[in-house]
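Student: Chain by chain, the residues run as shown.
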Amino acid sequence: KQEVTQIPAALSVPEGENLVLNCSFTDSAIYNLQWFRQDPGKGLTSLLLIQSSQREQTSGRLNASLDKSSGRSTLYIAASQPGDSATYLCAVRQYTNAGKSTFGDGTTLTVKP
Amino acid sequence: DTEVTQTPKHLVMGMTNKKSLKCEQHMGHRAMYWYKQKAKKPPELMFVYSYEKLSINESVPSRFSPECPNSSLLNLHLHALQPEDSALYLCASSQDLPQSYGYTFGSGTRLTVV
Numbered sequence: 001k002q003e004v005t006q007i008p009a010a011l012s013v014p015e016g017e018n019l020v021l022n023c024s025f026t027d028s029a030i031y032n033l034q035w036f037r038q039d040p041g042k043g044l045t046s047l048l049l050i051q052s053s054q055r056e057q058t059s060g061r062l063n064a065s066l067d068k069s070s071g072r073s074t075l076y077i078a079a080s081q082p083g084d085s086a087t088y089l090c091a092v093r094q095y096t097n098a099g100k101s102t103f104g105d106g107t108t109l110t111v112k113p
Numbered sequence: 001d002t003e004v005t006q007t008p009k010h011l012v013m014g015m016t017n018k019k020s021l022k023c024e025q026h027m028g029h030r031a032m033y034w035y036k037q038k039a040k041k042p043p044e045l046m047f048v049y050s051y052e053k054l055s056i057n058e059s060v061p062s063r064f065s066p067e068c069p070n071s072s073l074l075n076l077h078l079h080a081l082q083p084e085d086s087a088l089y090l091c092a093s094s095q096d097l098p099q100s101y102g103y104t105f106g107s108g109t110r111l112t113v114v
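Which chain is which? The protein sequence lines are G and V, in order. Okay, so the first sequence: first residue is 1 according to the working numbering, each after it adds one. Okay, so the second sequence: first residue is 1 according to the working numbering, each after it adds one.
Simulated from the structure, these hints should not be mistaken for laboratory data. Take these hints with a grain of salt, some might be off.
[As the list claims (entries may be wrong)] In the EDC-like style, the derived pairs of lysine to aspartate or glutamate whose C-alpha atoms are separated by at most 20 angstroms in a straight line are:
id	chain 1	residue 1	chain 2	residue 2
1	V	Lys-53	V	Glu-24
2	G	Lys-100	V	Glu-52
3	G	Lys-100	G	Asp-27
4	V	Lys-22	V	Glu-3
5	V	Lys-40	G	Glu-3
6	V	Lys-41	G	Asp-39
7	V	Lys-40	V	Glu-84
8	G	Lys-112	G	Glu-17
9	G	Lys-100	V	Glu-58
10	V	Lys-38	G	Asp-39
11	G	Lys-1	V	Glu-44
12	V	Lys-41	G	Glu-3
So here's chain V without its partners, still in its complex pose (with noise of 0.2 angstroms):
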């Protein structure tokens, strides 16, 4: 398996509801990443966890909350969010957080948040 599989593919949500998106891998990598991307735009870094720990939060706001319950799992937590938070969301991975490696991307989460 050479996949990250990102669940789910579309979320539209309310600016009140609490939502998560799911992310697993089972490439035995152990270190996973969060991307925001806007249209039009490059990814931008939100979170990176290595061995289930949070090793990098790039300022993002509290009413994003990641979670990496095990090795191949990590989840990132909704609630409260704005209608500027619309983007497609992108999970990936690398082997390790030794810089050397590539990533492996998900095909993302589009959410709208209206």
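Next up, chain G with everything else stripped away, as it sits in the complex (with noise of 0.2 angstroms):
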């Protein structure tokens, strides 16, 4: 069964630092790895979707990789904002399971001025 890790569960961070959110999973065997972020009571906005073959997609500010060997994958923001505070969850698309996807349980940002 795919288990979906993130770490740290929170951060917080001065205004302008540079940081990285991590997730780790078990099994290898994935179609895609997407991040998204959620404010509170929100819904999901997807940040980046990296396909299994990639190892890297950029957007603005973020950058995320994906090493799918050693189950893991990291999400870079670089000069963070306070308009970045929100949790920030990947979600693993798998092979076996019917396709479906397996959430972490989030890393909660917050950026204070």
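Now that you have both chains on their own, put them together as the hints suggest.
Tutor: Below is the structure:
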């Protein structure tokens, strides 16, 4: 059974800092990995989607990497801003289990002005 | 249009009420999903529709009844819910079920059962 772990569970940084969020998974037979952000009480906003054949994706200040063999993905946020404060979730879509996704529990990020 | 629209945003219902949640997308996506999310937990899959047919039911109680009237619309009919069903209900879509596609989520319906 796929297990997805996100570390740390919570992170507080001063504005302007570069930071890394981690997502690890136990079964490397995946189609893709998707990073989302979720503001309190809101839906999930897709940030980056990495296919299993890709190593990284970039969008603006965000860069996500994928190392399937080691079961790890990182989300790098450059020059953090208070508006980046949210919960960040990773979701792994696997070959087994009818292609359903497994979500991590998320990392709650607070960026202080 | 790159959005998934969910209505209503908030819903309070009694345990004897019947209500429906609505989800709409106009991206031409052929797979649509219902998720349930409790506070500080990740989303839990409830149902998957592919080409307007139910393909996955995650052993959801029958008081939740999904419906996909057409390729753009997904409903979730609610009847005789329990207080523990209070949660954020999220709808999502993807281009197709071939699993290389990512999800687009709606903003959710906050449901409170009293």
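Student: Which numbered hints are broken by the structure, listed smallest first?
Tutor: none
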